[in-house]
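Please model the entire structure based on the sequences and the hints provided.
So you can see what is in the structure, the chains are spelled out below.
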Amino acid sequence: MAIAVSSAFKIKRLPHRLFGFAGGLVLFGCGAAFAAPVTFNTALPVGKGAFVLRNQLIYSEASRNGTGLSDLRDVALLGYGLSPDLALFGSASWLRRDVDTASGLSRDADGLGDVQVFARYTAYRHDFSGGAFRVAPFFGIELPTGENRKRDSLGQLPPGLQPGSGSVDGLAGAVVSWASLDMNIDGQVFWQENTKANGINKGDVFKADAAFYRRVYPRELSAYTKGFLFGGLEVNYRHEGRTRMNGVIDPDSGGETLFLTPGLHYARRLWMLEGAVQIPVAQSTNGTNLQQDFSVRIGIRINL
Amino acid sequence: MRKFGFVLGALLLAAAPAAAKDAQYVLHIDGITCPFCVATSEKALKKIDGVKSVKSSLRDGTITVCADDEKVTFTDEQLLELFKEKGFTYRGKEETGACTA
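Line order of the protein sequences matches chains A and B. Heads up, the first sequence is in our numbering, so the first residue is 11 and it goes up one at a time. Heads up, the second sequence is in our numbering, so the first residue is 7 and it goes up one at a time.
Treat the hints with caution; some may be incorrect.
[To be verified] Simulated crosslink set (BS3-like; lysine-lysine; CA at most 25 Å straight-line): (1) A:58 - B:27; (2) B:49 - A:58; (3) A:236 - B:27; (4) B:61 - A:58.
Keep in mind that the hints were calculated from the coordinates and are not lab data.
Below, the structure written as structure tokens:
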């Protein structure tokens with residue numbers, strides 16, 4: 011009986027602890043036809059009528075006080091150039107989450123996640139010999155396509171384990187990119203306005219990101235160089251507001267994290283491979299909310 | 007027989023000016039920064055009837071096009087529009103005679 015009470019207590023607490031970690035799908039790089047950051051957007055263009063496909067496999071872990079959560083997701087993003095300045099994107103994901111609590115309770119869920127659709131408009135462009143500079147705001151929505159009422163033998167899974175949020179959320183931001191043959195510099199601000207679903211209103215998310223990549227191979231360009239290897243560092247700041255459950259603020263939700271993210275990408279004419287490891291260097295999560303341990307991303311982009 | 011050979015030779019000579027000639031154009035493009043970026047422009051150029059080969063030089067910011075000059079006449083307006091649609095800026099072209107590759 012004591013075990014049952016303990017488990018029930020943990021199950022009740024679980025949703026609160028998971029919000030910070032599972033704070034929505036990441037609007038990762040708007041796969042343009044350029045070298046770009048691994049963890050976020052770029053302002054560089056998708057040609058009119060061109061399709062770009064980007065797929066990333068992302069594995070993350072978070073923990074606190076003996077409770078651990080792992081999150082594996084595959085995110086596919088398709089971009090289409092509607093005009094030279096306007097590109098449309100849609101991303102879909104499949105994900106699996108596993109949690110192990112300090113009391114020995116294990117629960118998991120998998121399935122399709124929420125779909126994001128967004129548009130990016132190039133507000134400013136300046137091309138120069140061997141380089142480009144772009145400023146592009148973007149906006150979109152996250153649709154509740156992922157299942158958000160999954161159950162296991164213990165009952166309905168907590169919201170933080172559900173593949174979907176159940177809510178229609180707004181996304182907006184802007185990205186700035188400066189690219190040359192030798193290096194790329196990108197910066198982004200991002201806002202996600204989360205709405206209420208199933209009595210739960212997750213905290214809004216603000217992100218600020220910067221990336222610096224330098225060509226490491228080949229050192230010298232020949233007239234017909236076939237491939238580039240870029241190496242660099244990204245900095246990702248993420249702030250998530252507190253969650254409200256039936257109007258009551260959850261003290262164990264939200265917080266902020268700063269990541270340093272070394273990354274690599276290798277670009278050929280028709281495809282590009284990319285990888286990065288996100289390492290949290292500063293974290294302040296509220297109450298007993300989980301803290302991120304690391305996140306690893308590998309992916310491919312293809313010019314269709 | 008000799009007469010037939012003469013007639014054939016004359017016909018070939020007469021036809022020679024009408025035979026297809028290849029011309030090479032070097033297009034100067036701003037904004038291309040990696041191999042992945044330039045692929046869509048190469049693809050668009052290759053779709054033009056008469057274009058035989060396309061090669062990009064990222065180092066020089068150029069795309070070299072070999073085309074049948076009977077079928078292809080590039081204009082600055084056409085190229086400006088083509089590269090604008092692909093997200094780049096066309097700066098100009100040079101016709102460099104016969105194709106070298």
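Hint-by-hint comparison with the structure:
Between the alpha carbons of residue 58 of chain A and residue 27 of chain B the distance comes to roughly 32 Å, so the proposed pair goes past 25 Å and is violated. The suggested pairing of residue 49 of chain B with residue 58 of chain A holds, with an alpha-carbon distance near 12 Å, which does not exceed 25 Å. Pair hint residue 236 of chain A plus residue 27 of chain B does not hold up; C-alpha atoms about 29 Å apart against a cutoff of 25 Å. For the suggested pair residue 61 of chain B and residue 58 of chain A, the alpha carbons sit about 21 Å apart, so the restraint of at most 25 Å is met.
In summary, the structure is inconsistent with hints 1 and 3 from the numbered list given earlier, while agreeing with the others.
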